[in-house]
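Asks: Sequence order for the protein chains is P and C. Under numbering that gives the first Met the number 0, the first sequence is numbered contiguously, ending at residue 283. Under numbering that gives the first Met the number 0, the second sequence is numbered contiguously, ending at residue 279.
Hints are not guaranteed to be accurate.
The following label-pair restraints were derived from C-beta to C-beta distances [what the hints assert, rightly or not]: (1) P:203 - C:265: 21 to 27 Å; (2) P:280 - C:44: 47 to 53 Å; (3) P:121 - C:269: 24 to 30 Å.
Hints are computed from structural coordinates only; laboratory data are not their basis. The beta-carbon is built from N, C-alpha and C at its ideal position, and this holds for glycine as well.
The residues making up each chain are set out below.
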Amino acid sequence: MTKATPILTVLAILAVVWYAAAVWMNLDLARTFADDDATETEIYLSTMEQERPKLPAPHQIVEELGTSLFGYPITSPRSLIYHSYVTASAAALGFALALILGVLLAVGIVHVRTMERSLMLWIIASQTVPVLAIAPMVVVVLGNIGLTGLLPKALIAGWLSFFPITTGMVKGLRSPDPMQRDLMRTYSANGAQVFAKLRWPASMSFLFPSLKIAAALALVGAIVAELPTGAQAGLGARLLTGSYYGQTLQIWAALFMAAALALVAIGAVDLARLALVRGRGGRL
Amino acid sequence: MTAAPTLSLLALFVLGGVALNLLSRGESLTYRIATPVLFGVILLLAWEIACTGYGVPAILLPPPSGIAAAFAKHLPTLGADFLQTFIRAVIPGWAIGSAAGLIAAILLDRSPFLRRGVLPLGSLISAMPIVGIAPIMVMWFGFDWPSKVAVVVIMTFFPMLVNALAGLEDAGAIERDLMRSYGAGYRTTLLKLRLPGALPFVFNALKLNSTLALIGAIVAEFFGSPIFGMGFRISTEVAKMNLDLVWAEIVMAAVVGCASFAVLALIERRVTFWHPSIRA
Numbered sequence: 000m001t002k003a004t005p006i007l008t009v010l011a012i013l014a015v016v017w018y019a020a021a022v023w024m025n026l027d028l029a030r031t032f033a034d035d036d037a038t039e040t041e042i043y044l045s046t047m048e049q050e051r052p053k054l055p056a057p058h059q060i061v062e063e064l065g066t067s068l069f070g071y072p073i074t075s076p077r078s079l080i081y082h083s084y085v086t087a088s089a090a091a092l093g094f095a096l097a098l099i100l101g102v103l104l105a106v107g108i109v110h111v112r113t114m115e116r117s118l119m120l121w122i123i124a125s126q127t128v129p130v131l132a133i134a135p136m137v138v139v140v141l142g143n144i145g146l147t148g149l150l151p152k153a154l155i156a157g158w159l160s161f162f163p164i165t166t167g168m169v170k171g172l173r174s175p176d177p178m179q180r181d182l183m184r185t186y187s188a189n190g191a192q193v194f195a196k197l198r199w200p201a202s203m204s205f206l207f208p209s210l211k212i213a214a215a216l217a218l219v220g221a222i223v224a225e226l227p228t229g230a231q232a233g234l235g236a237r238l239l240t241g242s243y244y245g246q247t248l249q250i251w252a253a254l255f256m257a258a259a260l261a262l263v264a265i266g267a268v269d270l271a272r273l274a275l276v277r278g279r280g281g282r283l
Numbered sequence: 000m001t002a003a004p005t006l007s008l009l010a011l012f013v014l015g016g017v018a019l020n021l022l023s024r025g026e027s028l029t030y031r032i033a034t035p036v037l038f039g040v041i042l043l044l045a046w047e048i049a050c051t052g053y054g055v056p057a058i059l060l061p062p063p064s065g066i067a068a069a070f071a072k073h074l075p076t077l078g079a080d081f082l083q084t085f086i087r088a089v090i091p092g093w094a095i096g097s098a099a100g101l102i103a104a105i106l107l108d109r110s111p112f113l114r115r116g117v118l119p120l121g122s123l124i125s126a127m128p129i130v131g132i133a134p135i136m137v138m139w140f141g142f143d144w145p146s147k148v149a150v151v152v153i154m155t156f157f158p159m160l161v162n163a164l165a166g167l168e169d170a171g172a173i174e175r176d177l178m179r180s181y182g183a184g185y186r187t188t189l190l191k192l193r194l195p196g197a198l199p200f201v202f203n204a205l206k207l208n209s210t211l212a213l214i215g216a217i218v219a220e221f222f223g224s225p226i227f228g229m230g231f232r233i234s235t236e237v238a239k240m241n242l243d244l245v246w247a248e249i250v251m252a253a254v255v256g257c258a259s260f261a262v263l264a265l266i267e268r269r270v271t272f273w274h275p276s277i278r279a
């Protein structure tokens, strides 16, 4: 309770500010469309229920979320569940690819000196490059050689999320200190044993924080990958069509859905971490 | 016919691998820089040989030489895009967003109650796909640079807020006690101890934000832009299959991203010279 109180207070402040902003931003439009005999109160109230408000009030977004989530069958292109599924599956596939590749690369970097010296600088430098700029080209080029649908989006999601996994994992595999490695040597453990019993377990507490970042990035990658080709489905497509047709409610609903998906993804990573902690008897 | 490129690729990989292996044994700084540079050169050469040797259509993947030529040919276009995206959108947005985040952190820091509420929400929002806000900002502020600045401001605000709050907390109890024993008040403690102590965190956020700002501005241009801008150029030229210009644009984005990061890292070294990570 003591932890929730400040968060709830801040959320309440946000809601008040939001409603005030909605009234202020929608007032012009409300005046334009109001009947001649509308009273001032009616005009102010109508800022809360416009069809294409400049800033929808929170309850309008909740309503829109409600109808687009539960109002249509989930296979319908008007259902937000359908669009979320399209985006989430691309993000999840990309995340899985990134996890495999990122961990393999990290193992290579830690064990093969040539790989470390050749790759590490590029991996760090690539963090500073706006990778998302490549997204439209990748989607179009892969589309041209016949790869459409899930895979191009998954590749971009994977490309984005693979860097934090690699850097986190490299740090983690290197985290055992010389004393622990010396201990392994006194046990006359060979390389594979040091890896399986010391480095790998030690890396897990570094892997999971980077996995959270990676999961969020995979989602961003999948959404942005849906923008350039005028994709028919997915949260990115919802954002794009919403912006073409001025459907502000649709944009905000898609945005909140994307935020919810990010929460689910981060929560899933946390669950996996908890499962691992339990399997190891309470430690990570 | 296809034997020649295959053979030269093979030779390149074997020779390059041996050279990398030898170089990576050196310990001095020269070797440490030469190895990744050689790796990059090998990759570029392999790309060039594969593209020209196997006759990959330039419409799918132009060779590096083609990209370089396009870069030189379209220099005026690239310059206009750089001005529109980087100078007009990225830099102001990054500066405003980071400054606002820092000021908000200093204000919030005075109220532990609000800080406990804002910190989890701030980290949560940092993990959200904020770029999605771009179409809304384009509607509010129009197609030109103000909407891009708005996206960048929102994207850079929260990482700075979260990092600066953590940084302001970083001053240890002993240092605070020392300040108190000097009779220093809130303002003096803030200016002489806690803000300087927070600088490593602030620079961390500034560096992170420099990449985020570039991404935000480019993606925001996908939703509408006047007739120039890096994101606008990328999305329209992709549609026209002018891939060499798109690649030139991406090269520029990469160089700009790396350069801003490097400049910030240099300033950080000068300003936080006392920090253990730099003295070491």
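Asks: For this structure, which hints from the list above don't hold up?
Replies: Violated: hint 1 alone.
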